[in-house]
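**Student:** Chain by chain, the residues run as shown.
Number of protein chains: 2
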Amino acid sequence: MTTATQPTRHPAGLAQKLADSGLRSTPQRELVYDVLLNKRDHPTADEVFARVKPELPGISLATVYNCLETLVQCDLVRAVNFERGPTRYCPNLRPHAHFHDEVTGQTHDVDLPETLFAQLKSELPPGFNANAVEITFRGKAKSSAN
Amino acid sequence: MTTATQPTRHPAGLAQKLADSGLRSTPQRELVYDVLLNKRDHPTADEVFARVKPELPGISLATVYNCLETLVQCDLVRAVNFERGPTRYCPNLRPHAHFHDEVTGQTHDVDLPETLFAQLKSELPPGFNANAVEITFRGKAKSSAN
DNA sequence: AACGTAATTTGGAATAATTCTAATTATCAC
DNA sequence: GTGATAATTAGAATTATTCCAAATTACGTT
Numbered sequence: 001m002t003t004a005t006q007p008t009r010h011p012a013g014l015a016q017k018l019a020d021s022g023l024r025s026t027p028q029r030e031l032v033y034d035v036l037l038n039k040r041d042h043p044t045a046d047e048v049f050a051r052v053k054p055e056l057p058g059i060s061l062a063t064v065y066n067c068l069e070t071l072v073q074c075d076l077v078r079a080v081n082f083e084r085g086p087t088r089y090c091p092n093l094r095p096h097a098h099f100h101d102e103v104t105g106q107t108h109d110v111d112l113p114e115t116l117f118a119q120l121k122s123e124l125p126p127g128f129n130a131n132a133v134e135i136t137f138r139g140k141a142k143s144s145a146n
Numbered sequence: 001m002t003t004a005t006q007p008t009r010h011p012a013g014l015a016q017k018l019a020d021s022g023l024r025s026t027p028q029r030e031l032v033y034d035v036l037l038n039k040r041d042h043p044t045a046d047e048v049f050a051r052v053k054p055e056l057p058g059i060s061l062a063t064v065y066n067c068l069e070t071l072v073q074c075d076l077v078r079a080v081n082f083e084r085g086p087t088r089y090c091p092n093l094r095p096h097a098h099f100h101d102e103v104t105g106q107t108h109d110v111d112l113p114e115t116l117f118a119q120l121k122s123e124l125p126p127g128f129n130a131n132a133v134e135i136t137f138r139g140k141a142k143s144s145a146n
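Chain order of the listed sequences is D and S. Residue 23 in my numbering sits at position 23 of the first sequence, and the numbers go up by one each step. Residue 74 in my numbering sits at position 74 of the second sequence, and the numbers go up by one each step.
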C-alpha cells in the first residue's frame, strides 16, 4: 500500500481549525486525524498509534497522545470514556450517544435528536447549568450493526 | 467523635444481601458501606479509605477496593466514572443522573423520572438492546446545592 | 537561501489508579 | 472447638497516561 492512493480525507479544515487556535499543521496531526476519519470505530490511543506507525514509522506514542489532545481541543474530535477503560476517540461531531456492546466490546454511535438533549437539560433542578450532556448505553447489539 | 454515638445506618440488609450472593458479612464490608451511606458525596476509593481507617486502623487500601467491588456486585452501590478520574461510589439506587460541577469538582445526584430512561432506550435503533443507561451532565451549579 | 524563534516531536522516566499475588487471618457450619 | 473456605493484608505489578528535557522542525524575516 502506497501513500499516493489514499484520498486525503480530512476536509482541509484541519489546517484552518488548527490555525484558528494558533497551532500548526504537522504531518503527525494530519495523519492522526485521517486515521480517525477513515475508521470510525472509536480507537484507543494505542490503536491509533498502531494505525499511524506504518505511514510514519518514526512517530512516537507520546506524539499520538499529543495530537489526539490537540484535536479534542480544536473540537475536531471527541474523547469518549467508558468505565475505567482507555480513552477512545470519535470524529463524529453530531449530537449523539454511545452504545457499548458488552459482548464484543465495540462502541457504536447512536444519533439522537437534539431536542432530547435539550429535554434532559430541562430536567435539571434550578441552579444547575449544564453545558454538556453525555449519554451512554450498555447492552448487546444484534450482530454487526452500525 | 466517638464510635458509640453514630447510628448503624445500613438497613441490616447488608448481611442479607451479601448472604444472597454467597458472601460473608465482615466488619470491613459493613464499615465501608456505612461510610458510603453516611456521607453521600461520591467519594473515591482513597477517600473511603481515609474515612474508614480511623474506625478500623488495620484496614488496607486493597480491602477497601475489594469491599467496594463487592458492594457494587451486590447492587448496593453504584460505581461512577467521569472522564479519566478515579472511580467514585454512590449508594443511591434510585434512577438518577450525575452532575459534575466543573468549578468545585463535586458530583451531585440528579433524580430523573424513569420514563426518561425508557424514552432514551426507545430511541435506540432496532437491534440495540440496552440494559443500562448512564447520563452525565457537566457544568456549573449555583453554590452549595444537593 | 540562511537565521532566529517558537512550536512540535521524541524517548524515557514518572505518576496515578487499580489489580494481582501469596501469605495470614477470620468466619461459619458442624 | 475444629476445619474448610472466604476474606484481608502488604507489597509488587500493571495500565493508561502525563511529564520532561533534548532534539527537530516549521515559519516569518532578511
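Hints are computed from structural coordinates only; laboratory data are not their basis. Remember, it's a predicted structure, so these values are computed and weren't measured experimentally. Positions of the beta carbon are idealized from the N, C-alpha and C atoms, including for glycine. Where hints are given, some of them may not hold.
Which chain D residues face chain S? A few, computed with CB under 10 Å, are given here [unchecked claim]:
hint: 1; residue: Pro27
hint: 2; residue: Gln73
hint: 3; residue: Asp75
hint: 4; residue: Leu76
hint: 5; residue: Ala79
hint: 6; residue: Pro91
hint: 7; residue: Pro113
hint: 8; residue: Leu124
hint: 9; residue: Phe128
hint: 10; residue: Ala130
Using 25 Å as the maximum straight-line C-alpha spacing, the simulated PhoX-like pairs for lysine-lysine come out as follows [to be verified]:
hint: 11; chain 1: S; residue 1: Lys142; chain 2: D; residue 2: Lys121
hint: 12; chain 1: S; residue 1: Lys53; chain 2: D; residue 2: Lys121
hint: 13; chain 1: D; residue 1: Lys140; chain 2: S; residue 2: Lys140
hint: 14; chain 1: S; residue 1: Lys121; chain 2: S; residue 2: Lys142
hint: 15; chain 1: S; residue 1: Lys17; chain 2: S; residue 2: Lys39
hint: 16; chain 1: D; residue 1: Lys142; chain 2: S; residue 2: Lys17
hint: 17; chain 1: D; residue 1: Lys121; chain 2: S; residue 2: Lys17
Listed next, with one range per pair, are the computed distances between beta-carbon atoms [to be verified]:
hint: 18; chain 1: D; residue 1: Pro126; chain 2: S; residue 2: Arg94; range: 17 to 27 Å
hint: 19; chain 1: S; residue 1: Glu102; chain 2: D; residue 2: Gly85; range: 35 to 45 Å
hint: 20; chain 1: D; residue 1: Thr115; chain 2: S; residue 2: Pro27; range: 48 to 58 Å
**Student:** For each hint, tell me whether it holds in the structure or not.
**Tutor:** The hints, checked one at a time:
no.: 1; hint: Pro27; result: violated (28 Å)
no.: 2; hint: Gln73; result: violated (14 Å)
no.: 3; hint: Asp75; result: violated (15 Å)
no.: 4; hint: Leu76; result: violated (18 Å)
no.: 5; hint: Ala79; result: holds (8 Å)
no.: 6; hint: Pro91; result: violated (19 Å)
no.: 7; hint: Pro113; result: holds (8 Å)
no.: 8; hint: Leu124; result: holds (6 Å)
no.: 9; hint: Phe128; result: holds (5 Å)
no.: 10; hint: Ala130; result: holds (4 Å)
no.: 11; hint: S:Lys142 x D:Lys121; result: holds (15 Å)
no.: 12; hint: S:Lys53 x D:Lys121; result: violated (39 Å)
no.: 13; hint: D:Lys140 x S:Lys140; result: violated (34 Å)
no.: 14; hint: S:Lys121 x S:Lys142; result: violated (31 Å)
no.: 15; hint: S:Lys17 x S:Lys39; result: holds (21 Å)
no.: 16; hint: D:Lys142 x S:Lys17; result: violated (33 Å)
no.: 17; hint: D:Lys121 x S:Lys17; result: violated (35 Å)
no.: 18; hint: D:Pro126 x S:Arg94: 17 to 27 Å; result: holds (20 Å)
no.: 19; hint: S:Glu102 x D:Gly85: 35 to 45 Å; result: violated (23 Å)
no.: 20; hint: D:Thr115 x S:Pro27: 48 to 58 Å; result: holds (51 Å)
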